[in-house]
Amino acid sequence: RKGIRSSEGVIPVKNRIRTIAISGVFAALVFIGTELRIPTAIGYINLGDAVILISSFLIGPLAAFPAAIGSALGDLVAGYPVYIFPTFIIKGLMGLTAGFVLKSDGEKKINLIRRILAGLAAEIIMVAGYFGAEVILYGISAAAGSVPFNLVQGFAAIAVSLPLSYTLLPRLKKLAAIK
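In the numbering used here, the protein residues as written are 1 to 179.
Treat each hint with caution, since some may be false.
[Said to hold, decoys possible] Label pairs and their calculated CB-CB ranges:
| id | residue 1 | residue 2 | range |
| --- | --- | --- | --- |
| 1 | 16 | 147 | 18 to 26 Å |
| 2 | 132 | 16 | 30 to 38 Å |
| 3 | 28 | 82 | 45 to 53 Å |
| 4 | 140 | 85 | 31 to 39 Å |
| 5 | 111 | 135 | 32 to 40 Å |
| 6 | 164 | 76 | 25 to 33 Å |
| 7 | 171 | 141 | 43 to 51 Å |
| 8 | 18 | 128 | 16 to 24 Å |
| 9 | 16 | 145 | 42 to 50 Å |
| 10 | 25 | 136 | 27 to 35 Å |
| 11 | 174 | 131 | 16 to 24 Å |
| 12 | 170 | 136 | 40 to 48 Å |
| 13 | 159 | 135 | 44 to 52 Å |
| 14 | 168 | 21 | 15 to 23 Å |
It is worth saying that the hints were derived from the structure and are not from the lab. Each residue gets a CB set at the ideal place from its N, CA and C atoms; glycine is no exception.
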């Protein structure tokens, strides 16, 4: 069958416009989630990664697009232009990887273990990706200093996205008419 591949299999050609629209909505939600900052003892966390994981639960590997676009726009608006390109790549890879881990093999429901593995895979990409980017930009000492913050960010994203994936996704799938 022709169509776009998602975590639920193949989206028929007639639903491509719907899928593109859903991706656009998720890009906006990733941007908003990135801009909503929650203060912590070591800086702040944002909800952008949680939205990336939720989008990967719904649209599979296609989550790469809203993840990359929404996060890069967040860096642009927040005044971090040096991070736009690394963020675009890192966040896109996060959505892509989580989506592939969650890709359906014909089963009706995605179990908790696969949801956790998808989150861990995505967040390892985030921590390692920003470490690599910051080594290039600032040197290894400064890059190492950001690792604890990025770990907190990653665990927060998993902690927020897992319960929402069970409560919110069935409603989103029905609303978006994704089978």
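Looking back at the hints listed earlier, which ones does the structure fail to meet? Of the numbered hints given earlier, those the structure breaks are 1, 3, 4, 8, 11, 13, listed in rising order.
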